[in-house]
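Colleague: Sequence:
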Amino acid sequence: MTRLRRPGVQAGLIALLGGLAVFTLAHVVFPHHTTNHDEGVYLQQAAMLLEGQLFMYPPVEESFRPWFFVADGERLYPKYAPVPAAMFAVGKLLGGYRVALGLIGTGVLALTYHTVREAFDARTGVVATVLMVGSPLFLIEASVFLSYVPTTLWNLGFAAAYLHADRTGSRKTAAGAGLAIGVAFFARPYTAVLFATPFIIHALWTLRTLDPAWFTRLSLTAVGGLTGVAATLAYNHVVTGSALLFPYEVFAPQDGPGFGHREILGYSREFTPAMSLDANAELLWKLLTQWVVAGPLGTAAAAIGLGAVVRRGIDGRQAALAGVLLTVPLGNGYFWGTVNMLGDLSDPTDGLVAFLGPFYHVDMLVPLTAFGAVGVVTVARWTRLLVTERVSADRVRPVLVTVALCGAALGGGAAVTTAAEPVSDNYEVTQQLEQAYTPFEERDLDNSLVLLPTPYGDWLNHPFQSVRNDPGFDGDTVYAMQHRQFEVIDAYPDRTYYRYAFRGEWVPYLGLPVEPRLQPVSVAEGRTVRTDVSASVPEQAALVSIRLTSEGENDYATVTGTDTLDLRLSTDRDRTRLTGDGIEDQVSVPTPADGTVTLIMFVDYGTGAGFEYRAELPVSQTDNGVRALTPRLEVCKDQRRCGGEAAYVPGTHRDGISMNATTTAETT
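Under full-length UniProt numbering, the first residue of the sequence shown carries the number 1, and numbering increases by one thereafter.
Hints are supplied without guarantee of correctness; some may be wrong.
Quick list of the computed label-pair ranges, beta carbon to beta carbon [to be verified]:
(1) Gly266 - Arg311: 36 to 44 Å
(2) Val310 - Thr206: 15 to 23 Å
(3) Val28 - Pro212: 51 to 59 Å
(4) Arg6 - Leu93: 31 to 39 Å
(5) Val28 - Arg123: 48 to 56 Å
(6) Glu61 - Gly241: 16 to 24 Å
Calculated from the structure, these hints are not laboratory results.
Even glycine gets a Cβ: it sits at the ideal position worked out from N, Cα and C.
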């Protein structure tokens with residue numbers, strides 16, 4: 001029991017419990033990751049590092065490019081620095097990527113204690129650790145595979161070591177401080193600079209004394225930091241060919257800090273100071289009212305603590321810690337990403353901030369929890385003095401216990417309530433993703449190739465983060481976009497093929513589920529390929545209008561008086577012909593050299609209303625004939641859903657709607 005009273009032991013237990021909470025949240029709330037698709041980038045990069053690779057070489061360039069990867073000739077590389085990915089890779093070596101999240105969370109909490117202990121005292125450090133673990137921004141960000149909390153770990157390592165070296169004169173911790181901020185710079189250069197700036201100012205101020213011991217220690221810190229800068233520049237040189245050209249600049253040259261025209265992937269804005277002021281004011285308000293521990297109560301505690309420190313005389317070390325409250329928001333005001341994470345400023349549910357919080361400001365949790373802890377200790381001391389003065393000696397202890405329990409209940413209840421909302425919101429997203437990924441879990445996909453749709457543009461892992469390729473594109477399951485499909489098939493000739501499709505709009509953050517399907521795909525090759533398409537016709541239908549389209553050419557037919565469409569496409573090198581019950585005239589279109597023949601069947605109820613069956617047949621000409629894949633099937637009640645969001649999913653449509661298609665090579 002005596003050992004448990006030691007602040008270091010208490011902080012250690014809190015850090016371990018906090019790391020376990022992070023590990024649990026990562027498994028339970030984020031099994032399929034978040035609405036921020038950058039997680040897949042870091043995990044893909046981590047897998048590459050585990051294989052000793054900085055680059056990936058896809059077998060078919062246009063079909064295998066992951067989200068936020070730069071295409072450089074025949075090779076691909078991520079736009080992000082490798083430090084966070086390397087940290088996640090360590091977790092994989094220890095049993096699973098999410099192990100790293102638990103360890104990083106534990107490290108942040110432990111270093112919060114050491115940093116605050118150095119700036120104030122051990123008891124305040126323990127309280128700060130409790131406040132950090134109760135902060136929703138920490139809990140959410142530490143539980144996902146993004147770079148913000150891993151960078152905070154190194155920033156905290158720098159702060160704790162720098163303050164320790166400043167207090168004790170230790171050269172070892174001075175050098176360690178430099179190495180820590182150097183790694184943080186390698187991970188996120190701008191973030192590290194914003195965090196370190198107040199400490200750099202403190203260091204320069206201390207040099208005014210011309211003390212050789214100070215100069216030696218700070219030189220060691222500077223050398224460690226410059227080592228990280230050198231490593232960053234060396235990595236840039238290897239990857240981009242220029243030490244001063246960062247990968248993110250290659251990916252999107254107008255995506256960095258600065259006002260004016262900003263652009264990434266065709267999305268652009270004129271980023272103005274007024275826009276920045278509006279966005280960052282909104283983000284800071286969200287941070288202080290929703291994403292720190294206990295929301296407004298936590299912010300009030302930090303304000304009380306900062307005021308108390310100023311009144312009794314703030315020292316340079318404490319001022320450096322407080323300075324982070326200025327440098328982080330001021331620096332982020334110069335970066336247009338703060339606007340983009342909000343989405344529509346008039347909609348509080350829009351943007352990534354609704355689920356992940358103001359993650360660019362996560363380093364502000366360090367001074368907020370530090371001064372919040374001072375505030376809690378200060379209020380506790382005031383309360384003790386007040387009770388001692390006004391209550392008889394024999395009643396002081398029970399009154400203090402009662403007040404402490406009430407305060408803990410109030411603060412703890414507020415903290416739980418504040419943290420529960422983003423956890424619940426993200427869990428609702430996970431429930432939608434669980435349904436979307438169900439086909440992958442229900443089928444054995446060993447030695448398979450899965451063709452994926454591209455609802456958010458021509459990228460892998462955007463949005464499908466849970467289905468990633470091995471760095472060599474040679475895993476048990478390979479995932480490819482539906483571009484140059486026959487080249488992809490040729491690259492994997494001995495696999496089982498599937499096509500993933502879904503019905504509905506992919507917006508899990510709005511609580512809208514999709515109906516998914518993993519459709520088996522076969523390859524047929526011959527002088528002529530036959531595709532049989534059947535579809536049921538509801539009895540209310542008056543007629544079915546049929547259109548066959550390819551290469552910009554269309555041909556038409558009309559069928560009446562049937563409850564089932566039984567149609568046949570015969571495809572050779574020259575033409576694709578449509579036959580079947582009720583089709584009397586010849587219907588045909590040119591066969592594309594490498595493209596799609598689309599069969600559209602509009603079921604008309606006679607009032608202008610109806611729905612559309614679609615069968616999209618991928619076709620490729622060969623030297624002696626053609627090849628075709630099993631067609632992609634859709635049922636479109638809304639034309640805007642056709643082309644990716646209207647997949648035919650057996651068992652999910654109302655009675656009277658069914659569809660099937662098979663493709664075979666004709667032998668004669």
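Colleague: If a hint holds in the structure, say so; if it does not, say that too.
Modeller: To see whether the hints hold, each was checked on the structure:
1. Gly266 - Arg311: 36 to 44 Å: violated (53 Å)
2. Val310 - Thr206: 15 to 23 Å: For Val310 and Thr206 the Cβ distance comes to about 20 Å; the hint holds.
3. Val28 - Pro212: 51 to 59 Å: holds (55 Å)
4. Arg6 - Leu93: 31 to 39 Å: 32 Å Cβ-Cβ, so the 31 to 39 Å window holds.
5. Val28 - Arg123: 48 to 56 Å: violated (33 Å)
6. Glu61 - Gly241: 16 to 24 Å: holds (19 Å)
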